[in-house]
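Engineer: The residues making up each chain are set out below.
2 protein chains.
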Amino acid sequence: MPAVDRLCLIGVGLIGGSLALALKQAGEVGSVIGVGRGAANLEEALRIGIIDEASHDPASAVEGADMVVLAVPVGATGRVCEQIRDHLDAEAVLTDVGSVKGDVVAQVSAAFGGVPANFVPGHPIAGTEKSGASAAFPTLYHDRRVLLTPLPETRPEALARVRRVWEIAGAEVETMDVAHHDAVLAATSHLPHMLAFGLVDSLARREDSGEIFRYAAGGFRDFTRIASSDPVMWRDICLHNRQALLDAMARFEMEMAELRQAIENGDADTLAEIFSRAKAARDDFAR
Amino acid sequence: MPAVDRLCLIGVGLIGGSLALALKQAGEVGSVIGVGRGAANLEEALRIGIIDEASHDPASAVEGADMVVLAVPVGATGRVCEQIRDHLDAEAVLTDVGSVKGDVVAQVSAAFGGVPANFVPGHPIAGTEKSGASAAFPTLYHDRRVLLTPLPETRPEALARVRRVWEIAGAEVETMDVAHHDAVLAATSHLPHMLAFGLVDSLARREDSGEIFRYAAGGFRDFTRIASSDPVMWRDICLHNRQALLDAMARFEMEMAELRQAIENGDADTLAEIFSRAKAARDDFAR
Numbered sequence: 000m001p002a003v004d005r006l007c008l009i010g011v012g013l014i015g016g017s018l019a020l021a022l023k024q025a026g027e028v029g030s031v032i033g034v035g036r037g038a039a040n041l042e043e044a045l046r047i048g049i050i051d052e053a054s055h056d057p058a059s060a061v062e063g064a065d066m067v068v069l070a071v072p073v074g075a076t077g078r079v080c081e082q083i084r085d086h087l088d089a090e091a092v093l094t095d096v097g098s099v100k101g102d103v104v105a106q107v108s109a110a111f112g113g114v115p116a117n118f119v120p121g122h123p124i125a126g127t128e129k130s131g132a133s134a135a136f137p138t139l140y141h142d143r144r145v146l147l148t149p150l151p152e153t154r155p156e157a158l159a160r161v162r163r164v165w166e167i168a169g170a171e172v173e174t175m176d177v178a179h180h181d182a183v184l185a186a187t188s189h190l191p192h193m194l195a196f197g198l199v200d201s202l203a204r205r206e207d208s209g210e211i212f213r214y215a216a217g218g219f220r221d222f223t224r225i226a227s228s229d230p231v232m233w234r235d236i237c238l239h240n241r242q243a244l245l246d247a248m249a250r251f252e253m254e255m256a257e258l259r260q261a262i263e264n265g266d267a268d269t270l271a272e273i274f275s276r277a278k279a280a281r282d283d284f285a286r
Numbered sequence: 000m001p002a003v004d005r006l007c008l009i010g011v012g013l014i015g016g017s018l019a020l021a022l023k024q025a026g027e028v029g030s031v032i033g034v035g036r037g038a039a040n041l042e043e044a045l046r047i048g049i050i051d052e053a054s055h056d057p058a059s060a061v062e063g064a065d066m067v068v069l070a071v072p073v074g075a076t077g078r079v080c081e082q083i084r085d086h087l088d089a090e091a092v093l094t095d096v097g098s099v100k101g102d103v104v105a106q107v108s109a110a111f112g113g114v115p116a117n118f119v120p121g122h123p124i125a126g127t128e129k130s131g132a133s134a135a136f137p138t139l140y141h142d143r144r145v146l147l148t149p150l151p152e153t154r155p156e157a158l159a160r161v162r163r164v165w166e167i168a169g170a171e172v173e174t175m176d177v178a179h180h181d182a183v184l185a186a187t188s189h190l191p192h193m194l195a196f197g198l199v200d201s202l203a204r205r206e207d208s209g210e211i212f213r214y215a216a217g218g219f220r221d222f223t224r225i226a227s228s229d230p231v232m233w234r235d236i237c238l239h240n241r242q243a244l245l246d247a248m249a250r251f252e253m254e255m256a257e258l259r260q261a262i263e264n265g266d267a268d269t270l271a272e273i274f275s276r277a278k279a280a281r282d283d284f285a286r
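So the sequences go chain by chain: A and B.
Okay, so the first sequence: first residue is 0 according to numbering that gives the first Met the number 0, each after it adds one.
Okay, so the second sequence: first residue is 0 according to numbering that gives the first Met the number 0, each after it adds one.
Don't take every hint at face value.
From chain A, some residues computed to sit far from chain B (all C-beta separations above 12 Å) [stated by the list, open to error]:
1) Gly37
2) Ile167
3) Gly217
SDA-like cross-link-like pairs, simulated, lysine to any residue; straight-line CA separation at most 20 Å [what the hints assert, rightly or not]:
4) A/Lys129 - B/Gly217
5) A/Lys129 - B/Glu272
6) B/Lys23 - B/Asp142
7) A/Lys129 - B/Lys129
8) B/Lys129 - A/Val231
9) A/Lys129 - A/Val231
Which chain A residues face chain B? A few, computed with CB under 8 Å, are given here [as the list claims (entries may be wrong)]:
10) Val114
11) Gly131
12) Arg163
13) Thr187
14) Phe219
15) Cys237
Worth flagging that the hints you see were computed from the coordinates, not collected in a lab.
We treat Cβ as the ideally placed atom computed from N, Cα and C, and that holds for glycine.
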């Protein structure tokens, strides 16, 4: 018996699409129905073989599915849950892939009138700067971490099923507290995205932007790769992990104030100290 | 006749070493003498074949050289020039590879009592996060830009020789005004390095830094690659391109204040606008 008999994928992009492809390649899913609003993207998903059926209606699509994966921008979570609430099978496991967990849990709880026992909040720490079904590939999750943030209400059987699905996709699964997840990801992912988007936008708004980009090199290319990420996804992350992100930005601004002061003062020792500590930490991370 | 009869390379690291290797591979240099302070690095450079002779003394090393390349951290420029001033051959061309041009020109002029007619300020926009002779490779400059910032005093023949050397190494050479160079590079290179160093350092200083780095992913890896760059080189760039860098940082801070305000206010439209404009610019740049 496959890990999932009928998978309902709400949102057929890079993240959800890659999971479906991995399960298909492993022979661990019976059939996949994909839900989306854009007809072209769904047609592409059918063509590639990510999904077997396409639908624009979440309510009817979840009927008969034993696992439902929400893979939409986090701001759409509540709306989708209200649509599917009265149509989910009693035993169906519901999970999501959002980069924010506290606000997603709040949206799901509000829609269902409490935390559903079969809901397992999840977040695969993987991706590329590309988006849409055409960007999906089955090995995206190989050796990547997936964080699950089960709640007191979460049934252990539901957690075990979601864990198994991600392990089939090649991921290393860990569990974490919701608030802790949001603080850690704000620091390591959401803040860097703000810096990359902010840098590129500030250069794009200059009168001499054409020339500015002309003389940018390889370091700039790597540094700004994440600024090519999906604007709607990142708008939603900002709106729905607001406080943790603002805290991470405030901490970073304190660091930059210290660095700016050292540059203003020509303080060679402090500059060397900051750069050396950063290099040591980055070199450690890369190993 | 090769482009350079005898090359004196002062500072034998990634940048200077790669240039010497490219000239050797092209058969366009007679011999190379390398000057450095660290014995181990010079021995490595001899072993790899970057240089044919090694010296700790810039003064004697420049004697008989028809081209001298300064490839030291920009803060060391003045000191080295004072050492070589009275030993340079009259026809020898002097150039440098520093990421800052205004301050380098000032240091050279102070040491020589005016801008030497055979001095050609230069800056190859290339590199990796690695440093030292062992990081050098002959194709580093293939299809990369090299900016030369000749001065009114610069002899056209000297400019032509330096241009030819970089073209042999595979680079596309352009000329630019000194102050303009420093403003453009502050925005596209020096500022991103500050952000990457600052981000990694601010995370490294957290009590939970071990865990923080544990959950960082591919986007973080790319974004922070440049934080593995040489701390001494970057300390010197900060000290010697101080005003242009502070200007670039101030401009970036205005952008981040706008972004932070939008997050605080839950202003979805402004967030989407900033991220969309940045994505469009980054996608354009990548093409």
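Engineer: Does the nearest C-beta of chain B fall within a distance shorter than 8 Å of the C-beta of A/Cys237?
Structural biologist: Holds: closest Cβ of chain B sits about 5 Å from A/Cys237, inside 8 Å.
Engineer: Grab the minimum beta-carbon distance between A/Ile167 and chain B and tell me whether it stays above 12 Å.
Structural biologist: holds (20 Å)
Engineer: A/Lys129 and A/Val231 were given as a pair; does the straight-line alpha-carbon distance stay at or below 20 Å?
Structural biologist: Between A/Lys129 and A/Val231 the Cα gap is close to 13 Å, so the pair holds against 20 Å.
Engineer: Would the stated hint for A/Arg163 survive a check requiring a Cβ distance to chain B of less than 8 Å?
Structural biologist: violated (22 Å)
Engineer: Taken at face value, is the distance from the CA of B/Gly217 to the CA of A/Lys129 at most 20 Å?
Structural biologist: holds (13 Å)
Engineer: Does the nearest C-beta of chain B fall within a distance shorter than 8 Å of the C-beta of A/Gly131?
Structural biologist: violated (13 Å)
Engineer: Against chain B, run the beta carbon of A/Phe219 and see if the smallest gap drops under 8 Å.
Structural biologist: Cβ of A/Phe219 sits 5 Å from chain B, so the hint holds.
Engineer: May I ask you to check that A/Gly217 keeps its beta-carbon over 12 Å from the closest beta-carbon of chain B?
Structural biologist: violated (7 Å)
Engineer: For a C-alpha distance cap of 20 Å, please report whether B/Lys23 and B/Asp142 respect it.
Structural biologist: holds (18 Å)
Engineer: Take the C-alpha atoms of A/Lys129 and B/Lys129, compute the straight-line distance between them, and say whether it is at most 20 Å.
Structural biologist: violated (28 Å)
Engineer: Test the statement that A/Gly37 is away from the interface with chain B: the closest C-beta pair must be farther apart than 12 Å.
Structural biologist: holds (17 Å)
Engineer: Tell me if the straight-line CA distance from A/Lys129 to B/Glu272 falls inside 20 Å.
Structural biologist: holds (18 Å)
The structure does not agree with the numbered hints 3, 7, 8, 10, 11 and 12 stated previously, though it agrees with the rest.
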